[in-house]
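Enquirer: Respectively, the protein sequence lines represent chains A and B. To convert a position in the first sequence, counted from 1, into my numbering, add 73. To convert a position in the second sequence, counted from 1, into my numbering, add 73.
Among the hints, erroneous ones may be present.
Said to hold, decoys possible - Chain B stretches covered by chain A per the calculated footprint, using a threshold of three residues with CB under 8 angstroms from any CB of chain A:
no., segment
1, 79-89
2, 220-227
Unchecked claim - Straight-line alpha carbon distances no greater than 16 angstroms define the calculated EDC-like cross-link-like pairs of lysine to aspartate or glutamate that follow:
no., chain 1, residue 1, chain 2, residue 2
3, A, 120, A, 166
4, A, 78, A, 239
5, A, 273, B, 211
6, B, 188, B, 308
7, B, 191, B, 211
8, B, 273, A, 166
No wet-lab data here; the hints were simulated from the structure. Yeah, the Cβ is synthetic: ideal placement off N, Cα and C, and Gly gets one too.
Protein chains: 2
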Amino acid sequence: MDSRKKVEVCFSPNLYSLHKEDADIVVVIDVLRATSAICAAFDNGIKKIIPVSTVEEAIEYKRNKNYIVAAERKGKIVDGFEFGNSPYSYMNENIKGKTLVLTTTNGTKAFHTAKDAKHVIIGSLINLDAVCDYLFKEYKNVMILASGWQNKFCLEDTICAGAIVEKLLSSGKFNSEHDSSIAAKFLFLSARDNIFGYLKASSHRRRLRALNLNKDIKYCLTPNQTDVVPIRENDYLVKG
Amino acid sequence: MDSRKKVEVCFSPNLYSLHKEDADIVVVIDVLRATSAICAAFDNGIKKIIPVSTVEEAIEYKRNKNYIVAAERKGKIVDGFEFGNSPYSYMNENIKGKTLVLTTTNGTKAFHTAKDAKHVIIGSLINLDAVCDYLFKEYKNVMILASGWQNKFCLEDTICAGAIVEKLLSSGKFNSEHDSSIAAKFLFLSARDNIFGYLKASSHRRRLRALNLNKDIKYCLTPNQTDVVPIRENDYLVKG
């Protein structure tokens, strides 16, 4: 009997139900850009983040001046909102101590997909080592849930998941059984010396580049810029 | 406007609905072992194959002596059946001209998932070049549907899908937009010099090795042993 804890990767919210039995702790990933923006916001002093599923819910919160409200669809800030999911928009003194309400195309959807999970944290390349340290400390069975693009497999989330898998497996304390985890690790190992170049072909990078978001992409693909680990508490996120 | 046809990869029957709009022709893959066995059976003279979803349906056909009836679950021949999904069981003079009824854990399920597709063919590593030649000749938008393992992503189907993507893209006549297709190609390129060794870590190879099926695995992972391309006609398959 293998006593190591498991670390497995789920490539899409649509496959979550097939993997969830394995998971005591779920790491939600949306590298471009929701979970990177969430980490950046906490790193810059946001106190609480409420992920919501729909633009309509976000609009409800706009009536209350105590909230910063952000909405993104298909890579763009939704009309009528000042904030979207660019990490740079949260590098701002004015957000300190405030609550952010956020809806995005993929990341907040994945967060809600994992609503029945006991324990949920937010991962991205920018907080990679901090997430791994957290997982070593908790030492539970881990499922890394990639948000993907409209529920389809996406490369940048897979590479981030592979980076976590690789670090956890290298310790000898974790084990992976599913091919998705093995493939994520393979893809990370091919990409790690030049993640930005490797992802040149990825569909989401092409999509964001067309929106002139190259600066955002570079930020989101640079590992270990913060040590915050956002953690779910009730229906919102706090800094762990 | 890009006038090239598309070749995309769907990693699981559970993701089929997200990809199906892209597909004029669906290539169903279950390398270990259903689609390899199907190709081997046609190569050895089977006239028609009827894939069925359940063991109960297969039992119905057993009452009629004109059918060869095969059932596999979790890598093993189901009790009461003589045939499962080992390609070697179809290398047999007695099957010539007969109709095979087949139910398997993953492959026949994927076949039924694509029931609404206009055009369905069967691919595997053993008929790789023949499948590619067929796709060049048809020249339509292609979706490669990996059967996976119990709807989860699996490596061997992904590598076979990646081999088809690589060949179609190299011609300059096809284009891929989804990250799943790009990842499949990357994984194939890493694996191609030693597919058998590369898959050592895969969960399904471990599963079949535990059942003493190494000979089957070697056969299924050896490209281009036959030029048959099984094609769906009504609810059954014939040799294309």
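Enquirer: For every hint, state whether the structure bears it out.
Expert: Hint-by-hint comparison with the structure:
Given as covered by chain A, the segment 79-89 of chain B passes the check, having 4 residues with a CB less than 8 angstroms from a CB of that chain where 3 are the minimum. Counting residues of the segment 220-227 of chain B whose beta-carbon sits less than 8 angstroms from any beta-carbon of chain A gives 6, enough to reach three: the coverage restraint holds. Taking the CA atoms of residue 120 of chain A and residue 166 of chain A, the gap is near 13 angstroms; set against the 16 angstroms cutoff, the hint holds. Using a Cα cut-off of 16 angstroms, the hinted pair residue 78 of chain A and residue 239 of chain A holds, with the two alpha carbons roughly 14 angstroms apart.
A hinted pair counts as satisfied when its Cα atoms are at most 16 angstroms apart, and residue 273 of chain A with residue 211 of chain B does not qualify at roughly 30 angstroms. Distance check on the hinted pair: residue 188 of chain B and residue 308 of chain B sit about 9 angstroms apart at the alpha-carbon level, within 16 angstroms; holds. Proposed proximity of residue 191 of chain B and residue 211 of chain B is supported: the alpha carbons are some 13 angstroms apart, at most 16 angstroms. The straight-line distance between the Cα atoms of residue 273 of chain B and residue 166 of chain A is roughly 52 angstroms, outside the 16 angstroms bound, and the hint therefore fails.
Checked against the numbered hints above, the structure violates hints 5 and 8; every other hint is satisfied.
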